[in-house]
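Starting from the known structure of chain F, fit chain B onto it as the hints suggest.
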Amino acid sequence: MNRSATAQGRRMQHRRPSAGNRIAGFFGELLITLGILLMLYVVWELWWTNIDSAQAQKEVTANLVQELGEVVVPEGNEEEEEKDYGPAPVTELAPGETFGIMYFPRFGASGSHHPVTYGVEDHVIDNLGIGYYPTTQQPGELGNFAVAAHRQTHGQVFWDIDKLQDGDKIYLQTAQGYYTYTWYATEIVAPSNGDVLLPTPHQWGVEPTKSILTMTTCHPKYSTQQRMIAYSELTDWRPLDAGPPKEIRDMVIDATS
Amino acid sequence: MYAWIFRNLPGPLWLRIFEALILIAAIVLLLMMYVFPWLNQYISPFTDSTIGQSTP
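Protein sequence lines correspond, in order, to chains F and B. Numbering that gives the first Met the number 0 puts the first sequence at residues 0 to 256. Numbering that gives the first Met the number 0 puts the second sequence at residues 0 to 55.
So that you can see chain F by itself, here it is in the shape it has in the complex (with noise of 0.2 Å):
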């Protein structure tokens, strides 16, 4: 009782501030929170999505494994590792549907996987990983398989992108099998340079003679300034039965496990 008048004496004692004063204040409070929203803003775009993304891709792959159904892993010797399958079927797409897993062995410190949907939405982009171009051909036709991914956020999928080198391999599983590309060239155009989903890449009516993929991101890093776009040739596919290759054998057991 004592000490709650004292309390109470002791706040009156306190000159009540001005309305200016008051105004003032909460204008200052309304500043730091303004400051506080935007920071969080920043933590959510750079930090937060890729964990809902790594949530959402998760999921989707783990559908898609059921799909394809258990890998299998032949005791496979050399002879077989080396057999030529022949030219690579068509996997056929159809809109909405997650179709593939992509494992990337040069991507962060011991290599990456990311599924595969049809479309390039921000829905597909922000949470599923990789987005397919529709207006571009289907892996195995000759032509442009096209997909998009982030550079940084929501997965952050194609961050090491600009790694890419000589003789580096992508992997792409579908139910046809195994698509092997292998990288042979980089380049950065304006965001408005559609030429690069063209069967032949920057040439109108040019018939294909092979099949590429070409994977297009942000660059630079932390911007939409321009486009990296990453061009790779089909040089090889398995079917599905035959096994994972050799060099992506424990990403897929690990991906799909």
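Hint data in this document are derived by calculation from the structure and do not stem from the laboratory. One should not assume that every hint holds.
Partial list, computed: chain B residues near chain F (C-beta under 10 Å) [said to hold, decoys possible]:
no.: 1; residue: M0
no.: 2; residue: L30
no.: 3; residue: V34
no.: 4; residue: P36
no.: 5; residue: L38
no.: 6; residue: Q40
no.: 7; residue: I50
Taking beta-carbon pairs under 10 Å as the criterion, some of the chain B residues facing chain F (in silico) [to be verified]:
no.: 8; residue: Y1
no.: 9; residue: A2
no.: 10; residue: V27
no.: 11; residue: M31
no.: 12; residue: M32
no.: 13; residue: F35
no.: 14; residue: N39
no.: 15; residue: I42
no.: 16; residue: T49
From the three backbone atoms N, C-alpha and C, an ideal C-beta is built for every residue, glycine too.
Then chain B, alone, in the frame of chain F:
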């Protein structure tokens, strides 16, 4: 504003500190899980990785 909220939380000081922390955590979660994803449709600094398309 914040002083007013803190003064009006019920309980002794230690409980009010605890309540304040819970409030902050709840607001941050709300922002991260609902407000920012919604806001991101309108302002998206990095979400444009595609090329040659009329839609962003």
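Taking the hints in turn, this is what the structure says about them:
Residue-level restraint check for M0/B holds (minimum Cβ-Cβ distance to chain F is 5 Å; threshold 10 Å). With its C-beta approaching chain F no nearer than about 6 Å, L30/B sits inside the 10 Å limit, and its interface hint holds. Hint on V34/B holds. Least Cβ distance to chain F is approximately 9 Å, under the 10 Å limit. Interface restraint check: P36/B against chain F, minimum CB-CB distance 8 Å, threshold 10 Å, status holds.
Because the beta carbon of L38/B sits about 7 Å from the nearest beta carbon in chain F, less than 10 Å, this interface hint is met. The beta carbon of Q40/B comes within 7 Å of a beta carbon in chain F, closer than 10 Å, and the hint placing it at the interface holds. Nearest Cβ of chain F to the Cβ of I50/B: about 5 Å, under the 10 Å cut. The hint holds. The beta carbon of Y1/B comes within 6 Å of a beta carbon in chain F, closer than 10 Å, and the hint placing it at the interface holds.
Interface hint at A2/B: satisfied, since its Cβ lies 9 Å from the closest Cβ of chain F, which is below the 10 Å cut-off. Interface hint status for V27/B: upheld, as the beta-carbon distance to the closest one in chain F is roughly 7 Å, under 10 Å. The beta carbon of M31/B comes within 5 Å of a beta carbon in chain F, closer than 10 Å, and the hint placing it at the interface holds. Taking 10 Å as the C-beta contact cut-off toward chain F, the hint placing M32/B at the interface holds, the least distance being around 9 Å.
Proximity of F35/B to chain F holds as hinted, the smallest CB-CB distance being about 4 Å (cut-off 10 Å). The closest approach between the C-beta of N39/B and any C-beta of chain F is roughly 8 Å, which is under the 10 Å cut-off, so the hint is satisfied. At about 9 Å, the closest approach between the beta carbon of I42/B and any beta carbon in chain F falls short of 10 Å, and the interface hint on this residue holds. Because the smallest distance between the Cβ of T49/B and any Cβ of chain F comes to about 5 Å, under 10 Å, the interface hint for this residue holds.
In summary, this structure violates none of the numbered hints.
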